[in-house]
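Colleague: With the hints as your guide, set chains B, C and D onto chain A.
Residue numbers (our numbering), protein chains in the order written: chain A, 27 to 312; chain B, 27 to 312; chain C, 27 to 312; chain D, 27 to 312.
Accuracy of the hints is not assured; some may be wrong.
Note: identical chains are not told apart, hence a pair may lie in one copy or across any two.
Under the rule of at most 30 Å between Cα atoms (straight-line distance), these lysine-lysine pairs were calculated in the DSSO-like manner [to be verified]: (1) K232 with K114; (2) K264 with K207; (3) K207 with K223; (4) K232 with K95; (5) K119 with K175.
It is worth saying that the hints were derived from the structure and are not from the lab.
Number of protein chains: 4
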Amino acid sequence: MFDINDICIIGGDERQAYLGALLAKDGKTVTYFALEKCGEAQPDYASLRFAVKGCDAVILPMPLTKDGKTLYAPLSDIEIPLDEELAKSLSGKRVFCSYGEKLTATGDYKSAFVYDYLAREELAVLNAVPTAEGALAAAITSSGKTLHKSRCLVAGFGRIGKLLSRDLYALGAGVTVSARKPGDLAMITACGYTAVKTAALEGSGKYDFIFNTIPSMIFGEKTLEKTAGGVVIDLASKPGGVDLEACKRLGINGFAALSLPGRTAPQTAAGIIKETICNITREDDP
Amino acid sequence: MFDINDICIIGGDERQAYLGALLAKDGKTVTYFALEKCGEAQPDYASLRFAVKGCDAVILPMPLTKDGKTLYAPLSDIEIPLDEELAKSLSGKRVFCSYGEKLTATGDYKSAFVYDYLAREELAVLNAVPTAEGALAAAITSSGKTLHKSRCLVAGFGRIGKLLSRDLYALGAGVTVSARKPGDLAMITACGYTAVKTAALEGSGKYDFIFNTIPSMIFGEKTLEKTAGGVVIDLASKPGGVDLEACKRLGINGFAALSLPGRTAPQTAAGIIKETICNITREDDP
Amino acid sequence: MFDINDICIIGGDERQAYLGALLAKDGKTVTYFALEKCGEAQPDYASLRFAVKGCDAVILPMPLTKDGKTLYAPLSDIEIPLDEELAKSLSGKRVFCSYGEKLTATGDYKSAFVYDYLAREELAVLNAVPTAEGALAAAITSSGKTLHKSRCLVAGFGRIGKLLSRDLYALGAGVTVSARKPGDLAMITACGYTAVKTAALEGSGKYDFIFNTIPSMIFGEKTLEKTAGGVVIDLASKPGGVDLEACKRLGINGFAALSLPGRTAPQTAAGIIKETICNITREDDP
Amino acid sequence: MFDINDICIIGGDERQAYLGALLAKDGKTVTYFALEKCGEAQPDYASLRFAVKGCDAVILPMPLTKDGKTLYAPLSDIEIPLDEELAKSLSGKRVFCSYGEKLTATGDYKSAFVYDYLAREELAVLNAVPTAEGALAAAITSSGKTLHKSRCLVAGFGRIGKLLSRDLYALGAGVTVSARKPGDLAMITACGYTAVKTAALEGSGKYDFIFNTIPSMIFGEKTLEKTAGGVVIDLASKPGGVDLEACKRLGINGFAALSLPGRTAPQTAAGIIKETICNITREDDP
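Only chain A is shown next, with the shape it has when bound in the complex:
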């Protein structure tokens, strides 16, 4: 267990600004860097070194980087290379980041305390809520049919699959969920949905809505031809599990819906990051 009081938030999208506001509300001192285009985050530091000076904790964005070289900072003109210099600046501090392994591979972080909030189970679970809601909104707005009384397929019964199938069922959809393990198939049945083995998807009919949550190529051209009767939404992180090129060829409305928490519910997503960071501070030091 440890305390963090002076926190510097570096880079990221509007979630990080919301995150800062939540931490400030808890009585923390919050400074921002590389967020100057975000109205609410008011960074007034000339350099990262000044910004982090006096801080005991630093929060890096989600994702950590998009180009593999610089910190993800879409609301800033400042470029922050992921390099040895950054590592030096963060020396001795608590560093909360996503993709911790990637970060520590870019410099010497041995003298810092690096925590990967993205690796935490509770963040993944709680993020499944805005993901499921974002998927519902995408489905409703992209089809001429209602979810109610439609035939929906959710591929995969992990965190997102569990919450999304629950939401769809509650909205009156006919819900089929695919999984591989007998125990999962039984739980799908127990929840009131129709269970189908992932391997038997092709023979299970056509669906008005397909939601894929499995990050491997489940919906290739052949499977799409047999199952897609409307909209196909890929929720699995890249490279995803739906052949979107095949969708085009087949005239199917297929698309990926990624990073839904940050896009459709940044305020809630910020709260989730905050809660996860708080959980980390409440646990034993690593």
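Modeller: Chains B, C and D only, in chain A's frame:
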């Protein structure tokens, strides 16, 4: 009870094309007029008189008119005045329309059989489903917060209020519903929501999401100031029940979401119109 | 609007004792009469006249009477005739009762203020909650099958039908609901259930569980033969809507489950009566 | 994968009779032994040896034994010792049983093919459905309050905890669920319930209904004093997790509700065993 077999669909938006497809699937002969910009509806008649010739039934669009003078036909360059000539063309036929009173006021329809599908209770009820889904999507995409764990207020416990509050509750929102009658307030409680008298709305706290379904000015400036803590969506038909100008002044994200069935689920909406027309044909002649 | 402060509770089952406790918790002075076998209610008055002396309000039980002649008082050896003397004793007081018309027919109540709480819509609605829960428990314990994945029929879409079908659906049952009006049938569909016209019940297949809520003979021998595939529970007040004799002849497990609020949830039922009485006091005098 | 065609069902309660009926419906030849008091199962074999002769599969009951020495056979006067002779009789056959290890410890089963259906994940999951329903019925009938609007605590978020909390939430209860892992606590929150760490149960308030699913002593006297405000139901298998003696001392209505699938839904439970056995036959030989 009566049969309709040769049906002419005149004007309207893409719902009418879907409607034609559904009727054709049931074995009806369907012709279209004033829908030539809609790919699927293939009208090839030079004039309305030719188009309706041989038909025993005619379906007019929803809404009937937007300008009060001509039939609503956004997918056509043809202008069809609501006049005595139209009435003459439809003489002797079954005419299914919305706003039947408005139609019959524009000409002599005594020799036709006019049915108002919009006046039917089942159409109103079934349309509440796509309306509720459209409202969910609007809420999800317009706020930085999830519905889950949010504070939602549904003003009014009619058809839309009933279904929308049910959906919100299922998605994990804290749901407060306002009504006036003790019986309705009791049913709101029985459904697991928090009941509040419409007159006592102002003292009931702030809400992340407000959905108004009451077609009279409930959310004026003063009430908005006390209750609006996020998004305010007006689902009530014009003139609505939310002072959108006051929203602007107060910096509140308030907007009207109208005609949701036709906009977010035209295919389902077409099915609802079809079912309603079928119900009418199954009943006794008027 | 008016206040009641000194309240005498006369007769009734354990609900009335719970009711007294709730009123006492609200700061009311509560005395009991004809409840001496109920541990918690401590009546120590020699006669009804003494008991009601000083009271401004009297609460009579639900039901008012079982034999038509004396007040319902199963927890007492005292017999209280419904007669002119009772009316005289209650002169000038607020009298809250069930079956107000029956009461006022037994004596001269013109000098009392008689309120019929049983006639209130909110009491009927709120009582539907314990009724639905009691029906669930009766169904679960009387059948070898789970409600989950069973075929359930709810006859009638009134207060009990609405809540019970909602509960069954939530527990994973396949729910069919019967009604007569197109608007109700549409709402049944909108809620995600299967709608069937009451007149067409016979052709709708066999059900593992049938719940009747309609107080007229819906399930006669012929209908039972065609629809009853398991348990048949009659929730409609007498004379009910299920021919229980025919059930016996057909070897069907059919039974009536009446007065469920008082039987399975007397504490909640007492709270409902209390709330209804409070609502009455908050309204204008009659 | 293998076929079973001639099946002998030995001992057990009425579930086994239902199981036989289901298998017969699938075209299997079914014989019974040690079930002679069950009307529907017609055993007409003088000895177990004759009964199993010609069978390729044998199904033993759940539980396997109650006294540790003889097969569980409450519907029979025949006593079947779990001994070497039984093992010999079953030689060469497919033996489906519960507690496979206990069985194989009682004799030489090397020449038989022993499958433990009770050890299968899908059976445990599917049995959680009748368990949850049985728990609902027990709660409804043992308390003066409705589940609706009550405060419920479900201790443990395993199979039963997941389904039961879902059911309670759907019935309008306020649901708190306890767990230990941050990921589980997050999923509890994501499902719309209140999450509480098992270690922090005592400080979480009083509950109208407590359902324990954890098979270790969670609810000792001290915890009961702080949390039990009504009924306490222990669903965990022996030795359970509620100190029932302490309940008595504290005047709390506490009781264990065990073997609910077999007791409240034997027909469904039989179907679950059948499905599990079918799954086993569909998989590779061990």
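Colleague: Are the hints correct? Go through all of them and say.
Modeller: Cross-check of the supplied hints:
1. Taking the closest pair of Cα atoms, K232 and K114 never come within 30 Å of each other, the shortest separation being 56 Å inside a single copy and 46 Å across copies.
2. Taking CA atoms no more than 30 Å apart as the test, K264 paired with K207 passes in both settings, with 24 Å inside one copy and 28 Å between copies.
3. In this assembly of identical chains, the alpha carbons of K207 and K223 lie at most 30 Å apart whether taken from the same copy (8 Å) or from different copies (29 Å).
4. With identical chains, the CA atoms of K232 and K95 are never at most 30 Å apart, being 44 Å at best within one copy and 44 Å at best between copies.
5. Taking CA atoms no more than 30 Å apart as the test, K119 paired with K175 passes in neither setting, with 54 Å inside one copy and 34 Å between copies.
The structure shown violates the earlier hints numbered 1, 4 and 5.
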